[in-house]
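Spelled out, the chains give:
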Amino acid sequence: MEDPLEGMIKTGEDPLAIAGLVCSNFEQASQKQQRENMSKLFALLALSFEIQARENNMDRVKSQSDEELLATFQESIEHDQQTAYADSENGARKMEHRGALRALIWGSKVSAIQKSVLKRYRKLGDELLKGGQAMHVCQACGFIGIGEVPPGTCPVCKAPASRFVAVVPKRR
Amino acid sequence: MFAARNIALCTKDCICLFICPTGATDTENGQIDAEKCIDGCRLCVDACPSHAIYLVHQRYPQRAYPPDEVMEVMTGLLARKAGFYIRALTAADDASHVRDTLYRSLALSNKVLAEDCIRETGHMIPEAEKIRGLASSHVLQNLYSDTFEEDEGKSVSAILNSILEALMENRDAVPAAAFLCEACGYIVLDNKPKKCPHCSSKSVQSI
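Protein chains in written order, with our numbering: chain A, 1 to 172; chain B, 1 to 207.
Since the hints were made in silico from the structure, they are not lab data. Just to be clear, a hint being listed does not mean it is correct.
[To be verified] To give an idea of the chain A side of the interface with chain B (calculated C-beta under 7 Å), a few residues:
no., residue
1, Met8
2, Lys10
3, Ala17
4, Asn25
5, Ala29
6, Gln31
7, Met38
8, Ala100
9, Gly142
Everything numeric in this text was worked out from a predicted model, so none of it was measured. Each residue gets a CB set at the ideal place from its N, CA and C atoms; glycine is no exception.
Here chain A stands alone, though its shape is the one from the complex:
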């Protein structure tokens, strides 16, 4: 049977983005396996596909106003909350695949946080971030926090602060 991921790359909506993410996943895995040259090769493929994917999406994204784009992002999260994440309690538990269950539980919580940040931005605009504040993204689970420093421990996955990346607003 064909690998569904391969099928998604062949016939899905965002094959370049998915190809890039498959490669970036292995960039990180081989890095942790202490295979630096292999990691660099995966990184090269990942970045190449990412650049191609961005170019491919340029027209679609630029044709939408920010408000339209933010609305589609919010709808996308709500769709997943009503489908894949809503099923997680029953679905993955029944299937007894605890790894998938973990990914769905974390994903569900992180998506709720994404939606909360999105909604707050739609309401507050630039006031969302006070002077000195940045957004901090957990590299283990994707949680987004706002503050001058990352949380000591990720509220979703319990990773330490060292696992956070700061996304800092550029100065005007």
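Please build the complex by placing chain B on the supplied structure of chain A, with the hints as guidance.
For chain B alone, kept in the frame of chain A given last:
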């Protein structure tokens, strides 16, 4: 397997330097010399008072694939997160500073979610059987040549072959001379071009 040091935990007590039979633990860059390390010796691992040294395995087991229903849910989810990530990343290119921060954060967050789903669909590590399938099916080469017809996917094939050879021998890939155009994503192997052969940009980086 060989020993590796987690620099974040290392408190420089240096007992690993005292105990190592080959001197592999004493290097100028803080990382243990894997070539000199004796397979499975683990004297340094056990001697370190800060538990800063661990063993790196070179062989990994094949795991059973998740059931079909799990594959379906996780694949569908990862496709959606991939779309969200790439559109947020594309939007970040010229947004105002807080909005740019939001877009970049959403992109990064969804990238992490998608990668997690990728791992839970049987693609946890490069050794997984599915990767050999992915490489031999030419799906990545074909995708690349959709953008860069002139290359016919050859550069992607060469890179994947190098990776596959290394995986079959349970080792790292050989160092490669490879270059990427930051403007269009075109890959050049062996010799660094002065400008991108595809789009003529001068922003060509080495890996």
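How the hints compare with the structure:
no. : hint   : verdict
1   : Met8   : 5 Å, holds
2   : Lys10  : 6 Å, holds
3   : Ala17  : 4 Å, holds
4   : Asn25  : 5 Å, holds
5   : Ala29  : 5 Å, holds
6   : Gln31  : 11 Å, violated
7   : Met38  : 4 Å, holds
8   : Ala100 : 5 Å, holds
9   : Gly142 : 4 Å, holds
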